[in-house]
Each structure stands twice: as structure tokens, then as C-alpha cells.
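As a plain string of letters, each chain reads:
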Amino acid sequence: MQQIINFIIRYKNFLLYILLLIISLAFTVQSHSFHQSRFFNSSNWITGNIFGISQGITTYFDLDDENERLLKENERLHNRLLNIEADSLIKMDTTNIGYTVVSGQVIKNSYANNRNYITINRGKKDSVSQDMGVITDLGILGIVENTSNKFATVQSILNTKSNINAKLKNTNHFGSLIWDAKAYNVVQLIDIPRLVPLNVGDTIVTGAMSSIFPENIPIGTIRKFDLDIAKSFYRIDVDLFNDMTNIKNVYIINNLNREEILELEKTTANE
Amino acid sequence: MNKGLFINIIRFVLLVLVQVLVFNRLNFFGYINPMVYILFLYWYPIKENRPAFLGLSFLLGLSIDFFSDTMALHAAATVTIAYLRPAIMRFVFGINYEFQSFKLSNSTKAQQFTFLALLILVHHSVYFSLEFFSVANLLLIVKKVLAIGLASLILCLLFGSLFSVNKE
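Top to bottom, those sequences are chains A and B.
For the first sequence, position 102 (counting from the first letter as 1) is numbered 102 according to this note's numbering, and the numbering increases by one without interruption.
Converting from the second sequence to this note's numbering requires adding 1000 to each position, the first position being numbered 1.
Pulled out of the complex, with its shape left as it was, chain B reads as follows (with noise of 0.2 Å):
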């Protein structure tokens, strides 16, 4: 227990400074910064404390806001798919989810790879409609949420991949 509390704080941090000192600078093609930090909630252990998990989530959106100098919309993002995993695990991995011997591992590349778009969706959505604030911009924020959706896509399999959960 001790020792997965432990990994959160490490992966916590690094994934804070690892966002806002690599990925926010990126500003590939001029707009598109991936938001890596979305691997923490995909790697969070499934039998969550789940006031605890949304009071991390929220702290870990804050966090980020607090270097991008963008008042809290990364934090209501966050702390919305935080809200919302379980119900999208119990529609990727269906009711078998809730069984003790689940792991995230042991779920089919394709399963988690829905999970993770799903999060990122979800929460680029609600980040750039809360960003943008009006309904005339729907087109500009349906590019932004795509390109950059994807863009975070990317990168969050490939740092999945590196840094997999076998061990745990």
C-alpha cells in the first residue's frame, strides 16, 4: 500500500514537470501542446479511495494551471474524467472490471487503448469549450480538440509503453 502511495507522488511530480517543462513548450506547428499528465489517471490504481482520487486529480489539474497561467481549466478538466473513469471503464472492460483480479495489464491492447482516447476526449473537450467560452468558436475548438487530441494520443502510448505497469 505504502509503496503505491509512494509511485503516485513520484509519478505525480514528474508528470507535472515533465507537462509544463517539455510538452508546454513544444508548440509543434504553432498551437498543438500534448497534455502527457492525462497518464496519471490512466495509471491510477483501479480499486481507487475515490474522494481521494478526485482530490488528487483536482490538485494534479491545479498544479499544472499554476505554470501555464491558465486559471483552472485544466483542473476542472481533470477533476471531470476523474469523476467520470469509472463509467468509462465499466463501458471499455465491461462489468468484469470489478473483480479483485483485474488488472490494467491483463486487458486487450485494444481495450486499453479506448480507455485512454475515451480519457483524453473527454477531457480535451471540456478543456477547450471551457477555454474558448462561446458557442461561435465551435469549429476552432473541434480542430484544437482533435489535432491536439491526438497529438496527446500519441505520446501518452508511447510513454505507456515505456514505462508499462507489468510489475505492479
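Isolated chain A (complex conformation) (with noise of 0.2 Å):
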């Protein structure tokens, strides 16, 4: 027994360097396979509010820029929405809308790491909860990870975890979205078979099979594309729309039917 208490005076620091690396392991290997940590994100209250305030200083230099684009996007909004038939707008009852969209702003952005995550000012009270989408006026931007109550952090596309439900706009062929963390302005599509004709250029967008995004969400272009290894799938790098450096306003997504989806497949899949 004395031994024992002697070894661990002797070794104390050495056991207690151990101690504190497994549990940083324990926390990074954990977020390796799962879900961001709950704790350890930028979304709680200390760290959103610290961010929130330097984004309420810098947001001003470039206002300019931002109006404009906002006004861009109002001014071809507003030609789709006086292009669209009459009788189609009556039918547009909030009953049977599929989607609910919440605007809100980034407040920390990263693409320099292998996992990404974007932190926005939106949380649980404007009703923002997880594996919701998150688009820009340009693209798509990532999905909804962790959210507190006035703050959300956002897992990126930039981001190795992710995984998104993509397809070829004029063929309808669709496959997964990856990014290889290489570049911060191209992003992978997978899964294409090889009979599927590509040029460059070709629009890339979201597709119907994801229950988070809506259909036909822009993505980027085709910058070049390549067989895999097994020479029957492409490997396509995709030229983002967004400039994932430059993100001010984003917009929420929040899928009204997802729930009914989910419960759907989770039982055809119990069968």
C-alpha cells in the first residue's frame, strides 16, 4: 500500500498529464463518429455573446456590399413571384405549406480546419433546432448542428462529416456530397455512374432524397471530373456558388414534414 501512495506522489504529474489527454481523446475521438459534442461548441452563451459582439462591430464595413446583394436577391425573387399564375397563389395556404424559412446572421465562420462549423445568432427561441438546413441567397451552406437558446453552430459543407443528398440538375442523377478538406471552394460529388453524361460547367443541386433541404437548391458547377478507382463511379469536383469566406445573412430551413418522413422510413425499414 505504501508503495502504491509512493508511486502515485512520485508520478503524480506525469498521471496527471495522462488524465487530462484522455480526456481531450475521449471528447475528440467521440466527435470523430457522432454528433458534435453537446458542450463543447461555440453555441453556448458565453462564447455566442462574445462573438456576437464583434460581429455587431465588423458587420458595419461592409453594409454597402450586403444591401446589394440583398437587393439583388429581392429583385429576382420578386420576378419569379409576379411570374407565378394567380390561381397557384390562392392555393398557398399556410395548412399545407411544406417549409418555414428564418433569416438570420453568421457570427463566427471557419474553413480552415478539417471540420467546419459556422456559429449564427439564431437559436431555440426563433424556433432553430437540429438537422435543420442552412442556405444563403447563392447555395447551400450546411446544416443545423447544435443549437442553445439565442445561438446555433452550423456544420458546414466545408466539413469532412458531411454528407449531403445531391444531383445533376439537367439528368436527375444523384449522388452524395463530400468535401476531401483540400480546397475551401470545392466540394465532391460521388456516386455518379459512369453511363451518365457530364461536361463541365453542368449545374449541380440539392436533391429530393435529403428530408433536410428542399429540392433544387443551387450548389455549384462541375470544375472537372474523374472515374474513381473501381472505374464505374465519378468522382466530380463542384465549383461552389458561395463564397464560403465571405457569409453574412443566412437563411434557416425548417422541413414541416420531416418528422412524418422519418417516422415513414423508420418503419418500412422495421419491416
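Because the hints were derived from the structure by calculation, they are not lab data.
Check the hints yourself; a few may be wrong.
Each pair of labels, with its calculated beta carbon distance range [to be verified]:
1. N1027/B x T100/A: 44 to 54 Å
2. A1110/B x V102/A: 23 to 33 Å
3. N199/A x K1143/B: 28 to 38 Å
With the Cβ distance kept under 10 Å, some of the chain B side facing chain A (calculated, not the full set) [to be verified]:
4. V1020
5. M1071
6. A1076
7. A1077
8. T1114
9. N1137
10. L1140
BS3-like mimics (lysine-lysine), calculated; alpha carbons at most 25 Å apart, straight line [as the list claims (entries may be wrong)]:
11. K125/A x K266/A
12. K161/A x K266/A
13. K125/A x K169/A
14. K1143/B x K182/A
15. K1143/B x K161/A
16. K72/A x K248/A
17. K1003/B x K1047/B
18. K1047/B x K12/A
19. K150/A x K231/A
Even for Gly, the Cβ is constructed at its ideal location relative to N, Cα and C.
Reconstruct the complex from the two isolated chains, following the hints.
What follows is the structure, given as C-alpha cells:
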């Protein structure tokens, strides 16, 4: 017994180091396979408010550009709205809409890591919850991962854990959108069969299989494509429409039918 | 003693804020974000209470992690260099760093430089190996360690000479 205590006293620094290292490794490794840790994220009160203050200061510097961008978007939406036929407008009743949209602002953005997360200033009190899609006026941005009362973290598409259903706009062939962590303006679309005709410059949009994003949200254009090692599927580099380094205003999409879809898929899989 | 504690607390808070609000957003060449908070371990008094130093370093790393959504990567890397610091100092300064009169400012510029460079090298190696977590990306890890390590080193040297610890 005496010897054990002596041992502990003698190596207390080493044991403390090992303990702290194991704690940090546990948090890190766990997040490799599961969702982002519930506690270690920047949506909590302290970090959220500090980023909020800093964003409140820096946001003034590019107010003009941002206004211009929002005006352009309004123009595009008005164009579409005026060209929808009148009777379809009347049918638009709040009881049968599929999606609701909440606007928000980015208070922290990162794109230099392997697993990038974006923090936005909308949270539970704006009825934002996990697994809602986040887009900008130009295209998709990511999926809500964690929420606090006033803030939320978004798993960016520039995240090696990200996996989003996407398709070719003109042929409707779908595959998975992933990121290889090499460049912040290029993501990869995989699992497109070899027989699909491809051209550089073709548009990629979100697919219908996702219960998070609506169909046909723009993602990017084809930069180049190669066959994978098995020579049966394409691996496509996609240039993003979004400039991931410069993101201010975002829209959070809530799919009202998501619960029902998931429920149905679960019962089907069980049978 | 109390003055030293006070200075360390101020340093802790300022370094965390500077790291997350300025240097985490630098994104030089798209991926270079220097890590200047390592200076805390460089400046920390030589005659340290080791368990407290380990605990503080862990806390420092964890605070950075909270802000940058990196799980506990910074914490693991920082606690590693905190544990290895005495060994690195013995290597750089020789046996005389254990004397009462030894101060960081008394050592030569080359020694200070090597000390800082070794801290950064070990920290970045641990950090990026854990971030990628695969041998397949070895080349990418080496590239990131060297590029970001160099940026960290230059900025830490600049900060080090701006806020020199001569007066202590």
C-alpha cells in the first residue's frame, strides 16, 4: 500500500498529464463518429455573446455590399413572384406549406480546419433546432448541429463529416456531396454512375432524397470529373456558388414534413 | 507572488481573445491561422507548480476549443507541451535553468528562439495528427505543421519582442 501511494506521489505529474490527455482524446475521438459534442461548441452563452459583440462591430464595414446583395436577391424573388400564376397563389394556404424559413446572421465562420463549423445568431427561441438546412442567397451552406437559446452551430459543407444528397440539374442523377478538406471553394460529388453524360460547367443542385433541404437548391458547377479507382463511378469536383469566405446573411429552412418522413422511413426499414 | 498570478490571468484572457477574434480569422492563403496562445506557456514562470501549470494549460486549450469548435484538439496539444516543457527547457538551456537566478531574459536569443520553436513544433504536430487522425494524410499533416508552425513562430517572436518580460 505504502508503495502504491509512493508511486502515485512520485508520478503525480505524469498521471495528471495522462488523465487530462485521455479526457481531451475522449471528446475528440467521440466526435469523429458521432455528432458534435453537446457541450464543446460555440453556440453556448459566453462564446455566442463574445462573437456577437465582435460581429456587431465588424458588420458595419461591408454593409453596402451586403445591402446590394440582398437587393439583388429581392429583385430575383420579385421576378419569380410576379410570374407565378394567380390561381396558384390562392392555393398557397398556411395549412399545406412544406417549409418555413428563418433569417439569421453568421457571427463566426471558419474554413481552414477539417471540420468547420459556422455559428449563427438564431437559436431555440427562434425555433431553430438540430438538422435544419441553412442556405444563403447563392446556395447551400450546411446543417444545424447544436442550438442554445440564442445561438446555433452549423456543420458547414466544408466539413469532412458532411454528407448531403445532391443531383445533376439536367439529368436528375443523384449522388453524395462530400468534402476532401483540400480547398475551401471545391467540394466533391461521388457515386454518379459512369454512364451519365457529364460536361464541365453543369449545375449541381440538392436532391429530393434529403429530408433537410428542399429540392433544387443550387450548390455549384462541375469543375472537373474523373472515374474512381473501381472505374464505375465518377468523382466530380464541384465549384461552389457560395464564396465560403464571405458569408453574412443566411436562411434557416425548417422542413415541416420531416418528422413524418423519418417516421415512415423507420417503419419501412423495420418491416 | 500575487502580482505574478494577476499577470498570468490577464495574459490568459487576452491571449484567448486575441487568438479567437483575430488570428482564427486570418486565413492567410486560405488555411494559415497562426496559434499565438502558445506564448502563455513560453512566458509562464520557470519555477512553476507543475500540477497547476498542467491544469491551466488544459483550461487554456479548452477555452480555445470552445470558441473554434475543434472538440478538445487544442487542449490535448497544449497539455502535451505543458508536460514536456521541463524536458524541452533542459534540452535548450542545459542544466543551469534549475538555478534560482535563471531567467528567460538572461538567456541568449538563439536559446529563446529554439525553446519557442520546439514548443510550437511539438504542439502543431500533436494538433494536426489528431485533427486528421489518419496516416494516409501524412503529407498534408507535414505541410500544415510546417506552414502554420512557421507563421506561429514569426508572430510569437514579434509578440515576444513587443511585450518583453524583462521587467519581471
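Checked hints:
1. Look at N1027/B against T100/A: about 33 Å separates their beta carbons, and that is not inside 44 to 54 Å.
2. Hint check: A1110/B to V102/A, Cβ distance near 57 Å, so the stated range 23 to 33 Å is violated.
3. Roughly 33 Å separates the CB atoms of N199/A and K1143/B, a value that falls within the hinted 28 to 38 Å.
4. The criterion of a C-beta within 10 Å of any C-beta in chain A is met by V1020/B, whose closest approach is roughly 8 Å, and the hint holds.
5. With a least beta-carbon distance of about 4 Å to chain A, the hint placing M1071/B at the interface is held under the 10 Å criterion.
6. Interface restraint check for A1076/B: the shortest CB-CB distance to chain A comes to about 4 Å, inside 10 Å, so the restraint holds.
7. For A1077/B, the interface hint holds, since its Cβ comes within 10 Å of a Cβ in chain A; the closest pair sits about 9 Å apart.
8. Annotation: interface hint on T1114/B violated; nearest CB of chain A at approximately 23 Å, more than 10 Å.
9. Interface hint status for N1137/B: upheld, as the beta-carbon distance to the closest one in chain A is roughly 8 Å, under 10 Å.
10. This hint holds: L1140/B has a C-beta 8 Å from the nearest C-beta of chain A, less than the 10 Å allowed.
11. The straight-line distance between the Cα atoms of K125/A and K266/A is roughly 29 Å, outside the 25 Å bound, and the hint therefore fails.
12. Under the criterion of a C-alpha separation no larger than 25 Å, the hint pairing K161/A with K266/A is consistent with the structure, at around 23 Å.
13. Distance hint between K125/A and K169/A is unfulfilled; the C-alpha atoms sit about 36 Å from each other, more than 25 Å.
14. Among the hinted pairs, K1143/B with K182/A is consistent with the structure: their alpha-carbon atoms are about 12 Å apart, no more than 25 Å.
15. Taking the CA atoms of K1143/B and K161/A, the gap is near 22 Å; set against the 25 Å cutoff, the hint holds.
16. Only pairs whose Cα atoms come within 25 Å are accepted, and K72/A paired with K248/A is accepted, the gap being roughly 15 Å.
17. Taking the CA atoms of K1003/B and K1047/B, the gap is about 15 Å. The hint holds against a cut of 25 Å.
18. Simply put, K1047/B and K12/A have alpha-carbon atoms about 17 Å apart, close enough for the 25 Å limit, and the pair holds.
19. With a CA separation close to 48 Å, the supplied pair K150/A and K231/A exceeds the 25 Å bound.
Consistency note: the structure conflicts with the earlier hints numbered 1, 2, 8, 11, 13, 19.
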